[in-house]
Structure formats: C-alpha cells, structure tokens
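K.L.:
Chains P, Y, G and X, in that order, give the protein sequences. Numbering-wise (this note's numbering), the first sequence opens with residue 1 and increments by one. Numbering-wise (this note's numbering), the second sequence opens with residue 1 and increments by one. Numbering-wise (this note's numbering), the third sequence opens with residue 1 and increments by one. Numbering-wise (this note's numbering), the fourth sequence opens with residue 1 and increments by one.
Don't read these hints as lab results, they were simulated from the structure. All C-beta atoms in this analysis are idealised placements derived from N, C-alpha and C, irrespective of residue type, glycine included. There's no promise every hint is true.
[Stated by the list, open to error] Label-pair ranges, simulated between beta-carbon atoms:
| # | chain 1 | residue 1 | chain 2 | residue 2 | range |
| --- | --- | --- | --- | --- | --- |
| 1 | P | Lys138 | X | Pro209 | 34 to 44 Å |
| 2 | G | Asp134 | X | Asn68 | 39 to 49 Å |
| 3 | Y | Leu204 | G | Lys75 | 47 to 57 Å |
| 4 | G | Glu101 | Y | Lys52 | 26 to 36 Å |
One-letter residues, chain by chain:
Protein chains: 4
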Amino acid sequence: MSKLIAIVAGVGPGTGAAVARRFATAYPVVLLSRNASSFNFLVDEINGNGGKAIGIPTDVSDAASVKNAIDSIHKEFGADVAAAAAVFNAAGGFIRKPFLELTEEEFSRGITVSGKGSFVFSQATLPLLLKGVDAGSKYPPTLIFTGATASLRGSAQLSAFATGEFAKRALAQSLGREFGPKGVHVANAIIDGVIDIEKTKEWLKDAGPDAKIKADAIAEAYWSLHTQHRSALTHEIDIRPFVEKW
Amino acid sequence: MSKLIAIVAGVGPGTGAAVARRFATAYPVVLLSRNASSFNFLVDEINGNGGKAIGIPTDVSDAASVKNAIDSIHKEFGADVAAAAAVFNAAGGFIRKPFLELTEEEFSRGITVSGKGSFVFSQATLPLLLKGVDAGSKYPPTLIFTGATASLRGSAQLSAFATGEFAKRALAQSLGREFGPKGVHVANAIIDGVIDIEKTKEWLKDAGPDAKIKADAIAEAYWSLHTQHRSALTHEIDIRPFVEKW
Amino acid sequence: MSKLIAIVAGVGPGTGAAVARRFATAYPVVLLSRNASSFNFLVDEINGNGGKAIGIPTDVSDAASVKNAIDSIHKEFGADVAAAAAVFNAAGGFIRKPFLELTEEEFSRGITVSGKGSFVFSQATLPLLLKGVDAGSKYPPTLIFTGATASLRGSAQLSAFATGEFAKRALAQSLGREFGPKGVHVANAIIDGVIDIEKTKEWLKDAGPDAKIKADAIAEAYWSLHTQHRSALTHEIDIRPFVEKW
Amino acid sequence: MSKLIAIVAGVGPGTGAAVARRFATAYPVVLLSRNASSFNFLVDEINGNGGKAIGIPTDVSDAASVKNAIDSIHKEFGADVAAAAAVFNAAGGFIRKPFLELTEEEFSRGITVSGKGSFVFSQATLPLLLKGVDAGSKYPPTLIFTGATASLRGSAQLSAFATGEFAKRALAQSLGREFGPKGVHVANAIIDGVIDIEKTKEWLKDAGPDAKIKADAIAEAYWSLHTQHRSALTHEIDIRPFVEKW
C-alpha cells in the first residue's frame, strides 16, 4: 500500500508551521518554502519528536521548481507515494499603497504567487491526492488553500493582494467541483484577522487576550476539515478572533 | 460552579438526534421538539448509555412555550444552570409550489419557524450561554443554527422556505457580531444536500454510496465548531456530500 | 388593449414619492401607504401636473387590506387593467438595540412588513404584471423591491431589520427565477446609504455635498431597470453615494 | 475646458462595438483591440455617422503597448484630454478542459488578460478619468469592467477563466473604494448569458427569441451606469436573458 504523506507549501513561523506540526502527528510531512531557513528548525523539531519531516526549498509560483520538489518527494518516499493532504499556505502581494503608485511588478505578485502559485501547486499535488483516494486513505485526501479577508473583498489600496486572493478562491471552487466527485476534498479557509506570531507581537496590544489568531487553532481547523466524512464535506470556512469586527 | 448543559431544538430522526448524541458525550442534554414522540426514544437511549438527557415538548416559534421550557430546565438543573451549547435545528416552510398558489399560512411557516423561532430560541438561550462564559466553560459557549442551501439562494417555487432560511442566517450574523465579543460563539451551518435518514431511504439510490449526508458527520462538524479556540472561531460552514453538484 | 398602470407601495417623502413621480411620466400610478396623509400631497401634485394618480390607504402586510386595494384598482381602471410596474418600497423593523432587550413585537416588524408584506404585495400584483406581459407592455412588466445594506449583512443589534430585509431578498430571487421566464422582470435594489429627505436634513452634514442619496436618482435607476430589454435584465443593483464607505 | 473622450478596450463584434457606438453618441471614442481588423469597420461606421472614433492596435495586458495607446490619444486629442468613460471589455482564458490537462500558458491567460490587463488599463486611464472629474464632466467619469458568471463562481474545468474574472472583480471593488470618493464611478458588470452575435448564431436555437443577450442592451445598461448621479452610484450589476437559469 502507498505511503500517505502531507505536503505543506508556504511554511513560515505561523500557520504553515502549525499545520505541519498538526499533520505530522499522522503523516510524514514535506515542507516547501523558498528558503531552507524557513523550515529547517521545524524539520529538526518534527524529526526530533518522533515524527518524520523533510524540507525542500521551492518557489511555488515556478512550475519547474515545484516539479523538482515532486521529484524529490518520489526519491524520498518511493514512486508509489500518495498524499493524504496538501496545504497551500502561500500568498503574494500584501502591499497597501495608492493604486496609481503600484508598479507592475508589485501588482503582479498577488496573481503570481496566490494565483499562478496555487495552480502550479495544485497540478503537482492533485495526482498524489488522487493516488491517496485509490490507496484507501482513511480520510478523503484534502487540498486546503489558506485565504484571507481579501479573498472576499477588494479593499481600497489593496488590489495587488485582493486580485491574487480572489483568484486563489476561484481556483479552490473550480477544483472542489471537479475533484470532489473523484474523492478529493478541496477546501478554502478565509483567515480574517492577525496571526499571533513574533512579527505581530506589538500589534493589537490593547485588544485584550486572544485578539490575535493562534496558528495552532488554524491547524486544528484544517485537521477537522481533513477528517470530515466524504458525505459531509465543508468547502469554505472563515476563521477570526472572537473580538474581531466583521 | 454552574452546571453546563447543551440544548438542542428541533430533534427528529436526523441532524437533531445526532447532535444530541454527540454533545451528550460531554454535557447533559435538553431536547426540545413539538412532540415528545420525536425525542422519547433518544432520551431513553442517552440515559441508558450513561449520559443524561431530558426532553421537553416545545413549540420553538412560541415564546411562551420556550419560556416554559427554560423554566423546566431551571427546575431540573438548578437556578445557576449555564449552557455550553444551544443548537437551533428547526426549520419551516419546505413547500415547493407555484408562488401564486401559496396560501398565506403556507408562506408564513418559514418566517415563523425559521425566523421568529430562531429569535425566540436565541433570546431564551443566550442568557444561559453568557452564564456559560462566566462559568468558565472550557470551550466558548456555542449557539449553532442549522441552515440550508436555501439560506443562500432563493430558488423558484421555494420562497416560503428561502425567506425563513435567509432570515435565520441574518439573525445568526447579527448575533455573531453582537455576542462574539462577549464570548459566545455563534455559527451558521449551510447543509447542502439530503440527510441520510429512514425517510430518504429511497432517494438518490443511483448516486452511489455516501451521496446522502450522514447526520453523525454533521454532528461531528458542530462539535468541531464548539471546540474551536476563541481566537479562531468559524461563523459559517457549508456541508455537502462529495458528489453533490453546487 | 389593457390599460397599463404602475403601483407603488410604501410611499413616503423619499424613495416612494420619487419613484411614483418618475413612473407617472409614463403610466397612471397607484400609491399605497398606511395613511392617506403620506400620499395625498403627491396625488394632488401628479394629477395637477397632467399625470394620473390615485392613493389607497393600505397595510401591505395585511392580505385583506391589499386585496381591498386591488379591488379599488379594478374599480378605477377596469377589470382588464394590467400593470407595467409594481414597486415594493416598504420595510419594517429598523430598530437598533441590544438583542436581549428586543420585544417579540419589535422583532416581528421586520419579517412581518418586509417579509410577509412583500409576499402579500407580490401575490396581489403579479397577476396584473402577467396581464401586462399578455397586453404587450413595451417594457417587461417589472416588480422591484427596495432593500438595504441589511439585505446583505446582519449587523450587531439590527436583527429585527436584517431578518426582514434578508427575507425580502430571498423572495425577490425566488420570484425572479419563477417569473422571469414568464416575462416579468423582478429586481432587487440594495440602497446603501442615507436618503436625502427632510428627516435626514441634519445628518452627515460634514460629509460634503451629495453624501446623501437623492431619491430622484433612485427613481431614475428603477426606471432604467424597468426599461431594460428582456434579453438583458438586471436582478440586483446596489446604490450608494460616491463618498460612502462599503 | 478639456475634451472628454470615451475609451473602450476589447472591441470585437459584440459588447465592445455596441458600447463604443452608444458612447460615441456623446463623446469621441477610442477603440483598443489587439488587431486593427477588430475595430476598423467600427471606426469607419462611427466617423461615417457623424461621430468621432479612432482605433489603436493595443495589447491591453502589455503596459508598454497601453502606454503607447495613451501617447496616441494625447497626440490626437491634445495634452489636456480627459476621459468621461473607460470600459474594459477584454477577458482571457475561456478554456474548458480537465484541470490536469491545462498547460501553464493556458491557465495564465485568464490572470494575464483579465487580471493584469485590467490593472494596466486602469492605471493608464484613471489619470484621464480623474482629469474628467476636474474638467467638470456632466456625469461622474466612469470606469466599467465587463465580467461574467465566472466572476462569481468557479465552475469545474473553468479555472483559467474564473481566476482571471475573480481577479478583475477584486480590482473593480478595490478601485471603487479608492476612487469613488475622488469622483470616479467604478462599476462591474456580470454578464450571465450568451451574447447574440454572428459567432453564436447557431447556439440556443431552441430557447426562443431573446434567449441571447443583445449587445446593444448591455451598452444601454453601461450608459445608464455612466449617467447615474454621484449620490446614487451602482457598483455591480448582473445582466441576463429573461429565460436564463441562474
């Protein structure tokens, strides 16, 4: 029987790491990030805790780079490796500035990373997820996209980010409708708030405890999505702190 | 410390019973349904399995009837009883017929049961849920509404149902925004498919296995909502079988 | 050939009056409002300007009252009267207060006026609109509902209003899908801002000119909807001042 | 006073041509299309009918090409030319095929033309539209995007198209929120149906008359948007034939 793994793209100190830790309790995990420095600490941590993790430096918006990552996965886990989960946690273009001052390069980051990146990642991982269906994965193999408030709303001065996030959501819906009947669970998460990480330590200090989202709680929500019965799949969830205005 | 209970309104053979069973693994449960015959079997089952359940015949769209139910709850569990969860699983007006043939009584069922009923139920249970916050409930006390495809879409010949379901969703959003910051988790579930119960045994027979939603899987999703960390609450989820067109 | 009229329910000093004036340039108009004092000035004005208007005191949430209005219309315009347009401009439940302080009566105003009222009005006017199709109305006979921001969003402390407005929108969608193919154009307008009327004179004074919606501009938008070709009908529009945050 | 012009990008035989004709009744029009053969007939027609039109071969997804078009506009109409309207009617990626068979180039057409193209076009025309505000344009200078059903829904096997259309809609919202308060009216049209043109002559033959959208009716809707009062602007409209299922 195929070995089932989980693949997490966009591993940094927040959501990606938490998701990797959560899924590592059940599957070997593959961590993709542009720089090895983003995942090395985590690879060591998971392997040190009795789990199994490898990291592969990858640019998810570059098809050749992602293809190379898949080759490395096959080398590591064998030709018949299958995926129980693939999580696309990358995003591009979070730039807030007057529209007329945006450069083409700045604008393009959103549709390149969030848009084309999610396409490239999906094309590379769906064959492994479909193998997971055939391999009798206990839970429907799951492809999860991390989105944002900007997946639903194009705010002023945020067009670079919103265009990419909208595009990613369109892809998630399209894949959900095509691959759901083939047994792959595709889900989209709208993260509506600030993640509680080192970088955001000074943010929202007056908002009281738990005003920033715990990355572990997002990971738990993704795990809940993953373990849903195929007769009762959720395509989209929103996640926000209890004090958030929305 | 207050005793924490779970209250489920609209207990029939499907979602309501499954939700009651799931929450009974953690809390005493109170089952509300118009007729005792809808919950008697379940009260016996839960009590027989080492859980604790009581049933109270209640018309959730009638404020006096719901007030009476709350009185019975206080009598049973004491004046300082608090709620960890309240689930509104009732709906009215599922009638498909040409609009010009609808009677006023038929049309009104949706806005009466799904609309006014969810208001009456929420006003009765929110004080208990707020007490649950004060009582230090492990998980944010949770008010969950069961909705339907018709919560998002007004289909032809289904106005009686859709008006009630839209109204219920409006209430859920309004309560989520008012009571979230007070510590109560309000969530709305869009059930998009046929529930797999005795009544639907002959439906979708050609659609293959798991084409109808397992009520237990809905209950598990509600439990996942209930156990979310307050920094990462989901307001709305959709639930549908993997083969469902949407 | 049948006489084509326009019927406007909910005629006050703002949108209703402006819509009546605009449609009176093409059709005899019937004005419905609870109190004759709401429409008397307008009936005089329109008749004085060479148009034709009658007013009928009507409670749009009361089927008997609306039936009586239809009888009066037949008496005035003949048994074969048909409608080119019917506009439901009534709403109930605009009450902002903590949810737990809402009385059942206060809560019910929204679903009664906006919800049941739009049902009653639609059942009474759709037969006249369908006659308008048969009578060869130049433009598709049009049923327009006036909605609000709260048709799309349940804000904190506004549940009484939002539940009614959501219900009205559900009805509009359902009727659009059932009666569009029969030749009746059903449209829903989301008015997202403050109307510029006597009552709101002191509001938004610092927001600059045109920060409040001109009722005549809404009327013009409704007229644009009415005159759309049946191959290109709009079901929903939003309307807001250029400075409005959304 | 500045000369006010209208600019239409994506001029073919359908919507683009109809919009150009409609706006040519009020303004000199500039037609942008990749190939001159797409607009030559129309330039001749408009100029022959007493209007004023020029065509400029332009690739709207290429910033240099669009910059060149703007230079040509300045050469033709003078340095102080301003725009009363700019319509982005281009789209890319209408490809229906299994997701795993999509090439990267095929997938990218949507986000390149509909996404980056709408960005490039907007950055080039907004300065002219803002000049139109200063120049006292009778109607708020208007930037209109033509979208599709796929702007709202990611259907199976249509991800290339939907990602671009979603991105375009995100941009429209972002620009509406940033430039509305500056006096520019930004609107997004969801065209939900088949346009009635030579290419679609054989489509929907059994659906009866007017089952395909008349391009002139879309143009009329765009004109209605353009002439809205700034206190009552519509951001999004849907347009579909009366018989369309939705």
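K.L.:
Note whether the CB distance of Lys138(P) and Pro209(X) lies within 34 to 44 Å or breaks it.
P.N.:
55 Å, violated
K.L.:
Given a hinted range of 47 to 57 Å, is it respected by the beta-carbon distance of Leu204(Y) and Lys75(G)?
P.N.:
52 Å, holds
K.L.:
Taking the beta carbons of Asp134(G) and Asn68(X), is their distance inside 39 to 49 Å?
P.N.:
Given range 39 to 49 Å: violated, Cβ gap about 56 Å.
K.L.:
State, for the Cβ atoms of Glu101(G) and Lys52(Y), whether the hinted interval 26 to 36 Å holds or is violated.
P.N.:
The hint (26 to 36 Å, Cβ to Cβ) holds, given that Glu101(G) and Lys52(Y) are roughly 33 Å apart.
Violated hints, in rising order: 1, 2; the structure is consistent with all others.
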